[in-house]
Structures are given as C-alpha cells and as structure tokens.
Amino acid sequence: MLPTKNYYMLHIPCPHCGLRNETEFHYGAEAGVSYPDPNAMTDREWAKYLHIRANPKGWLAERWVHFAGCGRWFNLWRNTVTHEIGPVYLPFTTQPKAPNDLGQEGSKV
Amino acid sequence: MTNTHDTLPPGTIGRRRAATLPEQPPQLWKSVKPKKTYDAIIVGGGGHGLATAYYLAKNHGLTDIAVLEKGWLAGGNIARNTTIIRSNYLWDESAAIYEHSLKLWETLEQDLGYEMFFSQRGVLTLAHSVSDVRSKRRNFYANALNGVDSEWLTPAEVKKLVPIINISAEVRYPVHGATYQPRGGIAKHDWVAWGYAKAASDLGVDIIQNTEVTGFDIRNNKVHGVHTTQGTIATSKIGLVAAGHSSLLASLAGFSIPIQSRPLQALVSPLLEQVLNTVVMSSAVHVYVSQAHKGELVLGAGTDAYNSYSQRGGFHVIEHQLAAAVELFPIFSRAQLLRTWGGIVDIAPDASPIIGLTPVENLFINTGWGTGGFKATPGSGWVMAYTMANGAPHELNQPFALDRFVTGHLIDEHGAAGVAH
Chain A
2 MLPTKNYYML HIPCPHCGLR NETEFHYGAE AGVSYPDPNA MTDREWAKYL
52 HIRANPKGWL AERWVHFAGC GRWFNLWRNT VTHEIGPVYL PFTTQPKAPN
102 DLGQEGSKV
Chain B
-9 MTNTHDTLPP GTIGRRRAAT LPEQPPQLWK SVKPKKTYDA IIVGGGGHGL
41 ATAYYLAKNH GLTDIAVLEK GWLAGGNIAR NTTIIRSNYL WDESAAIYEH
91 SLKLWETLEQ DLGYEMFFSQ RGVLTLAHSV SDVRSKRRNF YANALNGVDS
141 EWLTPAEVKK LVPIINISAE VRYPVHGATY QPRGGIAKHD WVAWGYAKAA
191 SDLGVDIIQN TEVTGFDIRN NKVHGVHTTQ GTIATSKIGL VAAGHSSLLA
241 SLAGFSIPIQ SRPLQALVSP LLEQVLNTVV MSSAVHVYVS QAHKGELVLG
291 AGTDAYNSYS QRGGFHVIEH QLAAAVELFP IFSRAQLLRT WGGIVDIAPD
341 ASPIIGLTPV ENLFINTGWG TGGFKATPGS GWVMAYTMAN GAPHELNQPF
391 ALDRFVTGHL IDEHGAAGVA H
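Here the protein sequences come in this chain order: A and B. Numbered continuously in the numbering used here, the first sequence closes out at residue 110. Numbered continuously in the numbering used here, the second sequence closes out at residue 411.
Because the hints were derived from the structure by calculation, they are not lab data. We treat Cβ as the ideally placed atom computed from N, Cα and C, and that holds for glycine. Among the hints, erroneous ones may be present.
Claimed, not checked - A short, non-exhaustive set of chain A residues, derived as facing chain B with CB atoms under 10 Å: (1) R21; (2) V34; (3) D38; (4) A48; (5) H52; (6) N56.
Unchecked claim - Going by beta-carbon spacing under 7 Å, a handful of chain B positions derived as facing chain A: (7) P248; (8) S251; (9) N297.
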C-alpha cells in the first residue's frame, strides 16, 4: 500500500465512477468558495475572492473534476502532508467535517 | 541520425572535461544560540533568506541580524531545483529584476570569495509549433528591447549547438527554432547557499538552524518580535522568506497571501560523460535539462497538480518529462534514473514573485518565486535587503507588491517562462 499511496500517484475515489488514477482528473483547489456579488464589494474584498485560496498544511477540502470519466466536479478532503484522502462529497451539499478534530493549520482564507 | 558524441575523445564534449571539485574549508559559518534581541530577523535560511541577510550586512551595514531556519540550512528549494539561471523574461518588470540578478551572478563568486561553479553555458528554449515560434520570437524581441542578450536560432543552428538533439521532422513535437540566451547557465546550488551563509556569517550575521517560528509579537499592527521554539526574540524588522511555507507564516501574522504550495519534482541520472554543454528547455514537450559539472543529467518539468507540503509528487509527472527528454535526446534512453526529489514551491496567481510590504508594519515578505526562484537568488536578496533597510521597496521590486492583486496590475509571466508555472 505504501508505495502506491505515497510515491506512485493519487488514487481518487470519484463518487460516480469509483476509484481511479489521478491522471484521469484535473484539480480545482479549495472547495466551497461561493461566488459573491461583485457590486456589493470593495476592491480588496473582490481581490480576496479572486486570488486567495486556502493553502493549509494538513487537511484541505478541495475540488476535482473527473475529466476522463463522468466529467463531473466533486469535492473531497485530502491531507496535504500525507496525501491521505478523507470524505468525498458532492457540490452544494453539506461539507463533512475534516477527518480529525485538529482542524487546519495555516491559512483558511 | 548519427550521434556526434560517439566520435569525440572520451571524457569530453568539444570544449570541456568533467570538472574536479575544490576543497571546502573546515567551517563555513558559525553555529550560534539566538540572542534576546536583533535589529532585524529573516525567517527562512534558504538561498533567498541568506542572500537577504548578506546584502543587509554588506549594502546597508545592518550586521546585528539573524536568520532563523526551522530545519537545516539550505534544506529547502535552494537545494531542490535544477539550477537554471537566465533573465530572458517577457515583461519589462520581470526582465529588469531577473537581469539585475544575472548581473549579480556574474561577479558573485568574486564578491563572496567562494566558488560555486557558476557557468554561463547558455540557455536554449525550444519552439515546437507555429504559435510557439510566434510567442518565442515575441519574447526574443522583448528581450532585445530590454537589453537582455537573446538570439533566435534555426533548427540547424540548434543542432550545431547541441549535437545530440533530435531535430527530425518525424517526431511528435519537431524543433522549429529556439531562443538562446548565451549569458544564461547553471551554478552548483547548495554551494550558492553555503557561499551566502559563509559571507553573511563572516560579516557578523547569526545563522540559527532548527528554530521554528511559532508566532509573532504584533502590537498596534506593528511587529516587535518573533516567538520561536527557542523562545521569544525581540526585533524591529522581520522579513519572511519561506517559499512554500509563506502562507503559514502570513497566517500566524494575521493576513493572507495569494499563494498555493505545490510539489515540483526534479531528478538526476548517474554520472555520465559530458554530452550536453548548454541548458535546454522546452515548454511544449515539457522538460528542461542540463548536465552538471560532475556529469549527471539534471531534469525537471512542471509542478504536480495539487497543493502539497510533502516534498514529493506522483511518478507519472516524472514519466511524462522523461518521455519528452528521450524524444528530444534519443541517447538518453539508455541513461538510468539515480534519484528524484521534490520541493514545495510557492505559486502566485500571475506566476510572479511578491516582494515588499505587508499589512503589518515592519513585517516584509518575499515569496511567490514558484518554479523559477533559483536564478533570482542574488537579485531577490538584494531588493529584499533594500526593502527591509529602507522600509520601502526598491524600484525593481515596487511592481511586485502584494497590493497588485487589489489594483489588478498583475505581471503575468505564465506564458513567458520556459515551462508553464
């Protein structure tokens, strides 16, 4: 398990197609960033929406798209240190808790 | 195709023999315990942090300063890159800062009194399609206007310069031409860090390893000190030079930066006879390669797709770059893979660095060098030292302010770099 998990490539559980190789997916960075009303914001707030995404050392809720399979976007928790994959969930559904209670170290927006 | 290397005398490629390495002095820098207070502190003991310390001491007379490193000196990206040095960037702002850096490289060994095998063997950037030719020629003209040395080479001229390259029209990505920067080259990367560390230490800078920053003493939005695993240290100026870990430090100081941390992998072959006497980069087939002084081929490509702090990535990324390398250089097919590694690179939305002030007074940041920071080591340290000493950016790093993401004045170097960032 160790070599494939850590050194070969990610094995990503697509909620529609099952476990597939990382090369079938594109990455979409932080999940759950909602689109704000541009007219209701200052330039600084708009810049934050445009450019700033979570970059934690530890668990990160992130987006992937299974371009070589079902072509659909979904979200999952992944640990940015160990590359472990946690709960997978669909967009616009309630985000499950991170796999441990330690929370995220580092910048969450 | 005949490989001309077969006809050369053993141990040579036209010009050069494999180099012998000079002896190192018994001690390069002093190992010290942190004092209670310093005039300035630099967080991050990699290439850019050590260069910042050196130029603070040398150019600005600030010698009561410390460099804090959470691991060991030069354990991060300064010793995990492919050592390529060039300044042929597209935009005026980038060309200016990278060219300043290249000029510093040209006298750096004399300046530091330390050999680092800086070798101006040239950097070749290949074009593989009509649109590739157009964008590379645009880059070539932009460089000419900015006074950066650059040449346009035909496939035949590329072949003359690099006899082992395959310029056949039959391959998937044929070579249609290339830009060439003769003043570009390579250096021995860990020695660059050691050279700066030695020179900074000689000027009185404290280099403190195995000391991690755990927080900042910020009062009235002004930084007064830093909390570390070795206790609190008071200071009036702090520079964050932590590459892939910059987001975490910014977060400790209470602000956020537009940085994503990704693994960038590189690899080397065992020691081979010298067969490649320049640096070859290709963005279309996605590989860059040079041959180090001892003879190992050094290869790199793009980052892995996802955020990570693990200093390793997927093997498919390596497989992809090796496929590209073997198509360009068929003789590499028999070379073996000796070692691969990853660094954690700090990528900004416009693939340009962020150097300057932060929302916290007297706290400065230097990050976002992404996949191309090694070449900038001297210039980056030089402008960061200026910024910390004066409390305001030098004109070279003024355009690279954190605030550009609010004003919208981005410096989009994605297309101009040798590979996609």
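Status of the hints after comparison with the structure:
1. R21: violated (13 Å)
2. V34: violated (13 Å)
3. D38: violated (18 Å)
4. A48: holds (4 Å)
5. H52: Holds: closest Cβ of chain B sits about 4 Å from H52/A, inside 10 Å.
6. N56: holds (4 Å)
7. P248: holds (4 Å)
8. S251: holds (6 Å)
9. N297: holds (5 Å)
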